[in-house]
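For the sequence shown, position 247 matches number 247 in UniProt numbering, and the numbering has no gaps at all.
It is possible that part of the hints are untrue.
To be verified - Derived pair list, reagent style DSSO-like, types lysine-lysine, alpha-carbon separation capped at 27 Å:
#1 K328 to K70
#2 K328 to K267
#3 K185 to K173
#4 K157 to K252
#5 K261 to K185
#6 K70 to K267
#7 K185 to K328
#8 K90 to K70
#9 K70 to K263
#10 K263 to K157
#11 K328 to K90
#12 K90 to K261
#13 K157 to K328
#14 K185 to K90
#15 K328 to K261
#16 K252 to K479
Unchecked claim - Distance windows between CB atoms, simulated:
#17 Q336 to Q477: 31 to 39 Å
#18 D368 to W151: 47 to 55 Å
#19 D410 to R192: 44 to 52 Å
#20 P234 to Q474: 43 to 51 Å
#21 H277 to Q477: 51 to 59 Å
#22 R77 to E481: 51 to 59 Å
#23 H40 to D539: 21 to 29 Å
#24 Q11 to E481: 39 to 47 Å
#25 N10 to R106: 48 to 56 Å
#26 Q11 to R77: 51 to 59 Å
#27 G403 to Q477: 43 to 51 Å
#28 D161 to T203: 20 to 28 Å
#29 G237 to H523: 48 to 56 Å
FYI, nobody ran anything at the bench for these hints, they're computed from the structure.
For glycine and all other residues, C-beta sits at the position ideal for the given N, C-alpha and C.
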Amino acid sequence: MGWPTHDVTNQFDELQDYNLYATDHALQEAVTRHGGASAHGRLGDYGALMGTADSYAKADLANRFLPELKTFDARGRRIDQVTFHLAWHKLLARYRQAGLISSPFRDNASGRWAAWAAGFYMHAQIEAGTLCPSTMTLGAIPLLQREPALWAQVGDKLFSDGYDPRDLPIAQKTAIYIGMGMTEKQGGSDVRANQTTATPIGTGGRGGDYLLRGHKWFFSAPMCDAHLVVARTPEDGLACFFVPRWRPDGSKNAIHIQRLKNKVGNKSNSSSEVEFHDAWGVLMGEAGRGIPTIIEMATYTRLTCVLGSAAMMRQALVQGIAYARQRKAFGYTLAQQPLMRAVLSDMALESEAALVLGMHLAEAYEHDTPEAAAWHRLMTPAAKFWVCKRAVELTGEAMEVFGGNGYVEDGIMGRLFREAPVNSIWEGSGNVMCLDVMRGIARQPAHAEVLLADLMRRAGDDKTLTQEALALSQMLQRKPEELEGIGRQFTTRLCVLAQACLLRQYAPEHVAQAFVATRFSGHWGAVTGLVDPSALDVDRLLERALPR
């Protein structure tokens with residue numbers, strides 16, 4: 001039906017109905033490089049499924065019709081239930097049915113972490129909220145495997161590829177999710193300030209029963225079947241507890257949801273405030289070692305923050321290129337305009353650099369070598385800081401490609417922009433990550449030596465990169481009390497160097513050269529475009545990012 005006042009022309013919908021895997025050469029190369037070539041077929045199937053218009057529609061519905069808290073039933077009984085739109089359940093089930101909840105831990109095959117990371121990366125491009133309970137569940141698995149009695153009860157349900165949304169005691173379910181509760185009002189990132197108490201029932205100790213009393217200011221996600229919770233024991237200090245929604249006797253555990261958080265983004269996922277009114281829990285790990293225990297879980301979720309932010313950058317880039325190739329201004333498509341080409345190419349470089357870093361980091365979780373340990377310990381928080389920061393910048397830039405159309409809620413661009421900051425804040429904000437890097441170096445200097453030596457090797461004969469590696473080594477010669485103050489500068493330079501070295505080793509020459517030429521130029525800023533587009537192959541950069 002036409003408008004009586006004008007014809008609608010030069011307007012284009014956001015890209016849908018394309019294969020996220022088949023159109024991403026850098027992702028396919030990374031999966032092969034890290035040993036996951038046998039997964040190409042199923043990853044291609046998942047990329048096709050997630051790229052359908054139906055997937056985009058489900059993601060929109062899950063974020064438009066938000067979770068709702070029902071505290072009591074019709075007769076006043078406390079139920080603390082959160083209900084979701086059907087689209088949320090469909091997307092959550094899709095991810096689980098693809099085997100992505102537990103595959104890195106139940107499969108010993110080479111390349112399992114790369115295959116998992118690729119699946120996660122594609123799902124996060126379309127809908128990120130459903131990945132919150134999924135990633136916490138992934139991170140809880142290795143902790144629970146070290147608790148024989150608990151693992152006997154939950155192991156098969158964590159390894160299940162089925163989806164069971166029923167709110168029932170764990171024993172009655174076929175598949176479960178695990179959440180976490182660390183943050184309290186008075187402490188925030190300072191978990192050592194937590195006040196929630198855990199009183200033993202009987203002798204207590206590892207595997208013993210406790211009653212928890214206190215609160216959590218952020219409790220994600222409340223409809224998980226159990227949560228790992230940090231609380232303070234009378235004698236030993238902070239400890240980690242397995243706290244289910246239902247007690248073993250079938251009664252509702254005393255976890256009272258106060259309200260759901262009204263977040264800027266991540267709308268489809270429920271985050272909550274809760275109080276524990278003598279909630280029943282089981283001590284995991286050693287008493288007094290609660291923070292190191294749960295930080296292991298958080299380390300895995302920090303990895304997912306890196307991959308999730310890289311995924312948002314990828315989706316923002318793809319949408320921007322697809323739109324710019326169609327939209328015309330001043331007689332040419334946007335993709336033909338020199339300045340827009342320079343900006344899109346710069347975004348393409350940033351996206352591929354985030355991917356290559358995230359995928360290499362994921363593979364480090366598969367190995368037990370000094371290099372893998374150094375990447376695992378130092379690059380996990382470093383990459384979380386840098387890649388998550390870049391996602392905020394890149395998603396905002398991509399909105400500008402669409403102009404006013406990018407700043408409305410009728411498409412994916414606004415959701416990407418609102419979603420991006422959560423990864424930078426969740427599991428430790430930027431300063432916390434940089435402090436973690438510097439303190440990790442101070443406590444284990446050998447990790448920094450191994451990591452910088454590895455980057456130096458990958459830099460080869462590139463003078464720019466070798467000089468940067470030497471400069472970072474010199475920065476670490478400062479007094480210990482000075483290191484924290486330069487945490488952001490050091491972490492930023494470490495990540496950009498790592499990205500450059502990995503691109504030099506693995507990416508096509510024109511990609512690596514363009515990245516080094518821009519990122520190590522004194523004139524490169526947030527998204528300033530290529531320093532000298534005429535000296536670089538812009539057409540090849542854009543074609544690699546999104547084949548026509």
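* Asked: Of the hints stated earlier, which fail here?
  -> Those not satisfied are hints 1, 2, 3, 7, 10, 11, 13, 14, 15, 16, 17, 18, 24, 28.
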